[in-house]
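Novice: Residue numbers (the numbering used here), protein chains in the order written: chain Z, 1 to 644; chain L, 1001 to 1506.
Treat the hints as calculated values from the structure; they're not laboratory data. Wrong hints could be hidden among the right ones.
If you only want the chain Z side, here are some residues facing chain L, beta carbon under 10 Å, derived [unchecked claim]: (1) Ala-84; (2) Trp-155; (3) Ile-173; (4) Leu-195; (5) Ala-572.
Owing to the predicted nature of the structure, the values given are computational and were not obtained by experimental measurement. Glycine residues also receive a C-beta, built at the ideal position from the N, C-alpha and C atoms.
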Amino acid sequence: MYVEFALQHAWLVPLLPALAFVAIVFLTRPWKMLSAILAVGSMALSCVIATLAAYGIFTNPEYAEKPLVYATRWFSLGMPGMPALQIDVGVQLDPVSAMMMVMVSFISTFIFLYSIGYMDGEDGFSVFFSYLSLFGASMLLLVISSNLLQMFVAWELVGLCSYLLIGFYTHKISAREAAKKAFVTCRVADFGLLLGILSLQIVFGTLNLTELSERIAHFEEFTTFGILTMIAVLVFIGPIGKSGQFPLHVWLPDAMEGPTPVSALIHAATMVVAGVYLVGRTMFLFHEVESAMQLVAVTGAFTALFAATCALTQREIKKILAYSTVSQLGYMMLALGVGSLTASMFHMWTHAFFKALMFLGAGSVLVALHHKADVWEMGGLVKKMPITAWTFVIGGLAIAGIPPFAGFWSKDEILAATFAEGHYVLFAMAAFTAFLTAFYMWRMIFLAFFGKENPDNHPKESPWTMTVPLLVLAIGAIGAGWLGTPWGNVWAEWIYFGHPHHADPNFIVMGLSVVLAVAGIGLAYSMYLKDTEKVKAKAMAEQYSTAYRVLVNKYYIDELYLWFNHALVDGAAKIFYLFDIYIVDGIVNGIGAFAKVSGEGMRVFQTGRLQNYVLIFFIGVLVVAVLMAFVGPSNAVPVIGGVK
Amino acid sequence: MDFPILLTILLAPLVASLIIMFIPKDENILIKSIAAVGMFVALALSLYAYFAYNKDIGGLQFVFGHELPWIKDLGVTFFLAVDGISLPMLLLTNLIGFSAIFASWNVNNRPKEFFVLLLMLIAGVMGTFIAHDLFIFLLFYEVVVIPIYVLVIIWGSSKRVTKEYAGMKLTMYLLIGSGFLLVGVIALFVKTAAIAGHPDMSFTGMAMAAQQLGEFDQIWLFALMLFGFGSLISMWPFHSWSPDGYAGAPTAVSMIHAGVLKKIGGYGLIKIAVYMLPLGASFFAPYMAVLGVIGVAYAAMGAMAQKDLKYVVGYSSVSHMGYVILAVACLNVIGINGAVANMFAHGVMAALFFSMIGFIYEKTHTRWIPDMGGLARQTPRLAVGFMLAAMASLGLPGLVSFIPEFTIFIASFEVYGGVAVIGIAGIIITALYVLRAGANTLFGPPRPEYDHLEDIKGPEMVPLVVLGTVLVVGGCLPSLLFDMINSGVVPLHAAISDALQLGGKF
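The following block holds chain L by itself, in its conformation from the complex (with noise of 0.2 Å):
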């Protein structure tokens, strides 16, 4: 048998958080860094799997454990599996994973406790991109849920919501929208073992017999699971919780939440619900388009409206998001890589941007734009950051977000014409706000009082570091990225397209 590279990966985390559990709670320093180790093992590793993966053959690699029965019963096997779509989205974790780490490097109120809870809630994320099996992925998720829920209340801040409100509204959210996909998850699962004649969870063979679903069953599952996985990518309206939850988590948990949890949302959209439903998607789809249009467009001027940096981010990422799902619901090759490759750049991007946030909170303990400015002066790779971030914001090409919004364009604009080019107006409205929030906040005369504040340095550098160059790489080579996405979207879509076909769609 091969090296079980992610099941390593998976284990990376957690086993260093095991040994945290055991390390005197004031060792500061040593706790920090057995969590940055093994977040770096899984980084390396992940990093390795993405160039080792053979984008000619495609398909499933690093394959394991799909021989070994966890519930016989029910046909559930400890599937760990990754393709050209799940891939790009662990490396997303481990990068941002690695960079939440350093991002907390200032955090000294019960750091064991901390870091335990986040490697542990890093895992759980990892978990769920490289499950192949729809009730390993599910378990994961609700994994995820509870570490968040206590890092919020526990280190979050309070502004214009309580971080106990915020904590709570995250959760719940979190919590309802499984339980919807819950319910579809197990309707499907009676009705595809009926049809496949023996229980199978795993996401191939749960897909063979799902397709060959009815046009009604396929369309009221596709409705459960849209509202689950909707409300986790904040979809529109199911999008209220971001800007509160990330404004009251702490930075780390906002870096994970808004660069990748929220994804979990989109990738099981696309690879779990268009995937086994082409039907029902084919049926939702126009309406998605518009949500997710109404999402980019109302986000970005919610985001207009705010003072609170963190509140400007939250909802620009829901704005981000409404492309996500908008490039979803075209349905075709070129949408869906775009959606994929999206919520990769637009994780690097919000996690650069929540830890620059949250070194100028650390720092100047506000994050109340009005009463900053001219932190460029005093602080300049702080503004270096926070400017790489922006800019990967309002899609400036050369940067990662470029070509995923430019493949989305195409994909809408071509699908759904006019719809679409409010979504496209976003990029104006996204200037807009993101540039006046950098030029209030970094730009303009110094303030005496921020005079003594020390720029970032050592640990601290690393988040700017490792995002920013993913960000101007990912940017300057697209197909680095693409390539992969390409090689799993193109099977996927091959399968809906054929599905659609003897539905008698298309």
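Next comes chain Z alone, as it looks inside the complex (with noise of 0.2 Å):
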């Protein structure tokens, strides 16, 4: 029964944390403890019927074959009963949209949680709350859509809601800068997202996914293949956005300005994600343009290995952990180029788990230092902060991919579906990436929690409302791939496209992936744990000086965008309104010159003299008089009008 609630009401899971924002908002204000509360037990209740929403889901197998849908007109235009344009609102739940939105409130839950203790005591405790509570919100509203133009509102939302958190503080220049930058990015993104969603609402009529879903399998009744590569392409860009991808990637590691939580939060269950879900969601477009799914594919991979790179040298904890958020979003996009929607959720839904413990482990680092980032600066933290480094290792191994933890099992799905797709170059790529992910990983955490002590910092242990967070999502990163082993691959059975299907368990990849992780992880303890002076670092970024710059500019990319916004964009704007002021203007101010010069002449003759206007009376009388004497009266009535 109650999972028969869940089922009809699951579009209560994004309205609870929505009302609790408005609440937040309006009424608890004033006080901080409640409007916390209602936050986390919001989002505590969206999970719980999240759950159960989705128990009915797994249960059912026919939910896989066919959604369960329910929508309402959100509004129409043109006559009634053949509307020109209709929108719907409603709500999809299938096996991908179930496991979602588990993911996201779960998440998200303990996030909101962890955040009491860490924003406690700092200004505007309330409307951090009531932002996340709408972050949350607006990304469930974004999971349970049934309707792309409904994804649309929700994904701009979220991108609100970043902005709004990244720039939290204010009063920080840096806050500011990297809150817009974020919102700008997005939206150079999002314009290819609404020229494709335009498109397909043109071309296709609708844009109710399950009746796009079909269409679109028998696309050549509406439109050509060439019109459909254009489509997928335009979609396509608006995830390289949201997800990060390479080339408009810049924003994410600036998204570092806001609080830790909104951190942990961007980069695991609501922002980033997005964009990933959002190809998936429209796989039944990409999957009949073989170019755009390469596309994807290409982009993801490459992604993968810069962001990589891009981590390699950073200092800042969450710089590093940023970067391989992206590199991680590069490894979903490349698993769904090569088709693989079950090894792409899997990587997101393991993702999410460690990403997130891993962010609260730097927060719970950073609380603990006042804030100092720098990962050189630290050392040793793990005799002061057990609960915090021993989570943040599981994170670590996690990631890097070491069995039995989760990274493992997701990344070697991706790893197997690529090499059993022939994709060997982008293979190639992905398997470095997992070398280097597993060294700067571990580079970070052995200079962080191991080594030497820095005898400046007197960390101590968080509190609960923090350390337990951790702990439910170390658990998470220990066993959440467990779900996706090749002794018996759940996942596989429940997350797919189409039908399902993945690539059989490949021992030499695994086998390879494995060695790799250990490499990783063995170099970085051998250049950063045991030689204790790291002259060998030294030395490398010594003798690869050029390189290294550039790795730690990030290939100068952002100061390549600051030119072409300064010098190009604002440029161009000053032209633009030069020529207002001076051309459009100046033919005005001329009309109005014009009119006031010839004013000026006409008044000559308006002189205001009883003498001249009688002078003028007379001629005039002259002339007529001379015209009648000349012409005759009779002749002249043409010329001169009744005059007699």
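These two chains come separately, so use the hints to put the complex back together.
Specialist: Listed below in structure tokens is the structure:
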């Protein structure tokens, strides 16, 4: 009965946190604890409903074939009965959305809980929780959407919340600029996505996901292959921005300016996975267009490798994690591109646990060290902060891909799928990225948690509101991957596109990925832990100083964009403005001036002296008289009217 | 006879201004309260009319005075009526008019004259939207011009240009535009009276006859009207009055002008020019689309280069009106719906924007963006209002302007393809300049010189509450707006497509 209720009322899942947002803003803002409880409680309740609904979906195999959809009209234009445009809002539940719903609400609940400890004593405590609630609500709305426009609405709202939360410390210029950068970068990408959505509506006459998938399956009746390819590419531009794929990844590392729980939320559960999810949701479109799939795969693999190299030289703990997120998202895109929705969603699922865990761990460290973020200034934290350190180590093992931790199974699934599809170059890139990932992650772990203690630091373990989420997420980071082992792949039976399929377990690939991961950790160990003075690391940085500088500066892509924005866009704006005030307005003022000058000219006749007027009048009479005398009265009529 | 609701709405501000005339000039609070009550009555009644209007039947409702001859020989009657297109505009006028009274709560320089003129201005604008007679429409339109001029040159502010220049430019543009319009209307009247056999100035009567005009007549008549209405809605290149005018005008006038007055241009374009002269419209549609797109991109770029907050919003409103022109040029149901809805949405948002900027200016005595920063800490409520308007301006879903823009994009992308894409790209530039203005004004380190500033409170909150509510509710429930507009657009579109078919177009 509860399950049936949850299935029919799945819209409550996004609604509850949305109501919490409204309630906090208008009612409970002055009472901090109440606001926090409202936010955490509503999200927890959503999680319960989501779990019940997911249970209903996963116990009923028919939903895998035919999603549970209910929708209502949002607005329509044109004649009633045969609208020119109708947009619905609704709920679409199938294994993929049910899984996402649980994942998002579960992770969010614990991040919210953690925030109570993290944000303790900060200004705007209640406001922070209202934003968090809206963030969660938007993401959940996106997940259950049955309609692409509805999805786009939620997509943009997620963007808004990230803007608000990244810029939460409004007095900091860096936060302000980072927030703006995130919004504008995503906006550029959303322009593409919007064009894609418009084209879908125009060509196929609907934006409902189920109808679209039916119509696109035989798209020949609606449009040409070329148009469909264009649409697929346009739609993919959105996820490039949202999921931080190259070349629009630039906002993601800067998004660290927000409070740490926000980073965790953005990187694990809410913001960035939206892009991957969107591509997964519109697989029916990409599936038809081989070249678009290749674009997705290549973008993903390149981003994975590219971001991993950026992460190698970063010093700030959250920046390293940020680039690792970009890299892991690349993996998910790669999986989608090679046609494995199963592997992509699986990695998204495991990644959510271990990445949230590591971000919250980083937050715990930052609080203990009073926001000193440089890993080189940490060291030996494991003694004073055992829970944070050991859970972080679990996260590190998971992301590096050491069995039996969660990341191993999902990353292996991606590698196996890439290999099985015959994309050997992409496979090599992905495998090399796995090695780099293990290396830079463990570089960070060794530097921060092990080795010599820094005498300037006086860390202490965080309160229970922060450590409990760490422990819970650590359990996930260990066990979340067991759903998809080669000895019983429950995951692949449920989460798939078209029909259940996944690459057969390839033990050579599996072995290779373990070897690479161990090698990465080993290298990090020898460079950053065993070698206490870091001689080798410093020597390398000097020997390859050019490469090192390029990496530290993230390939100067930010600088390029800044130049583009300031020199070109602002320059062009200036030109437009000058054109406006000198040319357009010049003409307008010129007409005004002409009227004025001609008025001045005419004023000669408007002297106000009676003598002049009489003179003119007399001249007039004279002209009439002369006319009449010469042409005769009757002939003059047409010239001078009725004067006789 | 039914209760004459439209007449009452029209008279409420006029009666209020009449009462104010008899109040001693230093009764500051009393004057403002009477103005507020007058506008409250008008707003409440127009809200009632909005929800009482029967959308299933559609057509003209709350009809008043169609048998009341005004100038018999010219077929002029004092015909007031609303349909699905004019009712949202009427509601918009009252929402903004009501808010504008409170946005002017701190006007203490000759408040009596100010509020009398302001109320007359509001009534004039309302009149244009409820008139169903072309003569009455023009009459109200001219009524609007005089208070605008006086309000700007007395209560305005001089920045890049003097307030006298701004007021003159605004007025001249209105007058020149209406001059061309007048020529067009007279010619149209002469021709339609000949076709119908008797003079008739009512919209429906005139349209029936005008739609039978030949293509050549329709084209040159449409050209006159396009110039008249186009310069009113700040169609590129007849837009340059707009940023200067808004920057020079006092807050309430900027709100009303950007919010509703310039919408008379779009409204007239749809309900008069396109409706009566469909062949002319279809001839000019591609040109309008191009001008609209140029307006969107050009003014957005112009806004990027601004450092005065009012100029940012001024250029931004030119840019947003470009979308309206582009949408009208689509000449289909989705496009015209989008055009009307976007006028409503932009009106609410621009009014909120100007009211917030007005408060910022009152408190900091500057609108120069580099002189500001960090105001969100000192005046958080002001910041909320500003950001709401900013987000609506960049078309954030969940706020009222998103769906109108979406429908415009659909219609124009389908009809004009690549040209429309340039216009749609405006969403990126808009995000850039709006967020930049917001960031540099509100965020960053707070400045010590503004530490003493008081946040908006009491009556100053009214614009934020009223307009903010409309922004959010209209965004979440677009059918509230679209069901109404659609009920007016469908018959209008049917009429013009019939006429176009007869004329061999389509």
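Novice: Against this structure, judge whether each hint is valid.
Specialist: Each hint tested on the structure:
Interface restraint check: Z:Ala-84 against chain L, minimum CB-CB distance 5 Å, threshold 10 Å, status holds. Look at Z:Trp-155: its Cβ gets to within about 8 Å of chain L, closer than 10 Å, so that hint holds up. For Z:Ile-173, the interface hint holds, the least distance from its beta-carbon to any beta-carbon of chain L being 5 Å, beneath 10 Å. Proximity of Z:Leu-195 to chain L holds as hinted, the smallest CB-CB distance being about 7 Å (cut-off 10 Å).
The closest approach between the C-beta of Z:Ala-572 and any C-beta of chain L is roughly 6 Å, which is under the 10 Å cut-off, so the hint is satisfied.
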